[in-house]
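Asker: Listed below, chain by chain, are the residues.
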Amino acid sequence: MPGAEAITARLAQRFRDAGAVPVAADILQPADTLLDLYGEDIRARAYVTADPVAGELMLRPDFTVPVVQAHMRAGAEPARYTYAGPVFRKQDSGASGRAREYVQVGYELFDRTDPAAADAEVFALIAGALDGLPVRAVTGDIGVLKAAVAGLPLPAPRRVALMRHIWRPARFRALLERFTGRGPLAAARAALVDRLGNAAPDALIDAAGPVIGTRSRAEIAARIDALRADAAEPPLPADDLERMEALLALACPARAALDRLAALDWPALAPALDRLGRRLDALDACGIDTAALPFQASFGRSTMEYYDGFVFGFEAEGLPPVASGGRYDALTAVLGQGRAIPAVGGVIRPAVVAALEGRA
Amino acid sequence: MTLALGVPSKGRLMERTFDWFGARGVTLRRAGAEREYAGTVDGAPGVRLVLLSASEIPRELAAGRIHLGVTGSDLVLEQLADWHAHVAALAPMGFGHADLVIAVPAAWVDVDTLDDLDAAAAAFRARHGHRLRIATKYHRLVRDHLRAHGVADYQLVDSQGATEGTVRNATAEAVADITSSGATLRDNHLKVLAGPPVHASQATLFAARAAEWSQATAPLAALAAKLGVELPEGLAEGR
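These protein sequence lines map, in sequence, to chains A and B. For the first sequence, the working numbering begins at 1 and goes up steadily by one. For the second sequence, the working numbering begins at 1 and goes up steadily by one.
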């Protein structure tokens, strides 16, 4: 029975055979890039260290960011990359026994010609590598969620606020509830707007205290205006909330999910459902049975917040995720300084594969 | 073998701890000179007093070098990841009350709650090109609190003292600090956000799960009976 190292070599070979070029990445990554992408939460999950010259550095929590950066600097198109090496994640809970350091073997595909085919290629490659193991695949589509948010009858600032919190499900839910005019946030908001009354922003600010710090008087005044404008908006109709909740709760095989999403009769979803349908066709063409493939509309929302389209994972009973991945078109735009390229990728954890093979 | 009881080595926290034990028939006393960190215990056989800085007590508990320890719950929750795995809270002691709160300039009339802070942080980042800075020394507690409430676009900056001054000095836009009355915050033109505090701290008697309990069970049982404290299951068993 092969150990994790042999499995790592086998997976890397498989990815090279699929046309991927091996790439390396530094273990020490500049912290600021990762902090800008993930926010302060990443500090709870990644090891931070200090360099006297380079400043704050992080032990790489994943390969995606450095691989995207390398591609945006010098990559030709289309491009397929593979890598293998340790990543580092803080584990606050000692009891769970989760690994702080573990190897990932990854495959990333940068291709602007056919996103559906690219999604299917990555998924099928990883599914093939795990063939015969007792794993359960799950898929989702952040693109459908984004289309749904964009399609809610909301003023632009409310849509932007919701879009910003797609990856924080509890907050997303609380915002939606506030937009309907119900719940604790709505009550607190109404009290605030009430207290502001109709007074001029300057008068309100001067009565409260001196403006100290870098957030300026103009910024406070701008938000007072925004609060008043928001208070004048009609509440989100209950029907729309229900439709959104129905969408978020959807969990069924992928083909059936597509039908049920179409049955919501939500015109704003049409382009995203079109993409989902083409992806399912491409997966079928790769030999994946999409009539059985599990789909969960909320899958991928509480992981790292860069996936913005297709998302997938492979899970096994009592073990960490065996594999995961997804599409991250927006990340390439953020890291590409104006240039962007659609990209999708995934990783496998050889140690978890080894544990599964050991069980067989 | 005795049971090691760690208590704060100076100030009000030490005095109130001595009073709390004294009211329950256990007399704690510093021995010898003022600067000597040794003490005596009357009324609880087999208990040895260890005087320590309050901020060192969480670490000593986690390492199991003391069996019991008195310190602020804020220090334990901040310093020990997964604190339940390391210590058991035996008794809140009813003094040393202080709230860890998030405060913003009083002039921010548009910000009452974490919901507002999140919206202000998003606008701030778009305008200033960096995330809204919150100065604190309580990184774990504040980050966990903000994550639980889904606040984004902020960053924590470390401040080990004079935290209330960081906003005026433009090294932070907001602060998260311990306060009992809020007076220092008000003096610095800051206001506390509405809603429950990040953490409501008080002096608490903790027990170390990793301590060597096999020889200390008799002193523990006698002390617990005297203090009227219930012991959690599994604390002094099987080690």
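Certain hints may be false.
Unchecked claim - Straight line, CA to CA, 35 Å or less: simulated DSBU-like cross-link-like pairs of lysine-lysine:
#: 1; chain 1: A; residue 1: Lys90; chain 2: B; residue 2: Lys137
#: 2; chain 1: B; residue 1: Lys191; chain 2: B; residue 2: Lys10
#: 3; chain 1: B; residue 1: Lys10; chain 2: B; residue 2: Lys226
#: 4; chain 1: A; residue 1: Lys90; chain 2: A; residue 2: Lys146
#: 5; chain 1: B; residue 1: Lys191; chain 2: B; residue 2: Lys137
#: 6; chain 1: B; residue 1: Lys191; chain 2: A; residue 2: Lys90
Bear in mind the hints are in silico, worked out from the structure with no lab data behind them.
Asker: Each hint needs a verdict: does it hold in this structure or not?
Answerer: Results for each hint:
no.	hint	result
1	Lys90(A) / Lys137(B)	holds, 20 Å
2	Lys191(B) / Lys10(B)	holds, 31 Å
3	Lys10(B) / Lys226(B)	holds, 24 Å
4	Lys90(A) / Lys146(A)	holds, 30 Å
5	Lys191(B) / Lys137(B)	holds, 18 Å
6	Lys191(B) / Lys90(A)	holds, 34 Å
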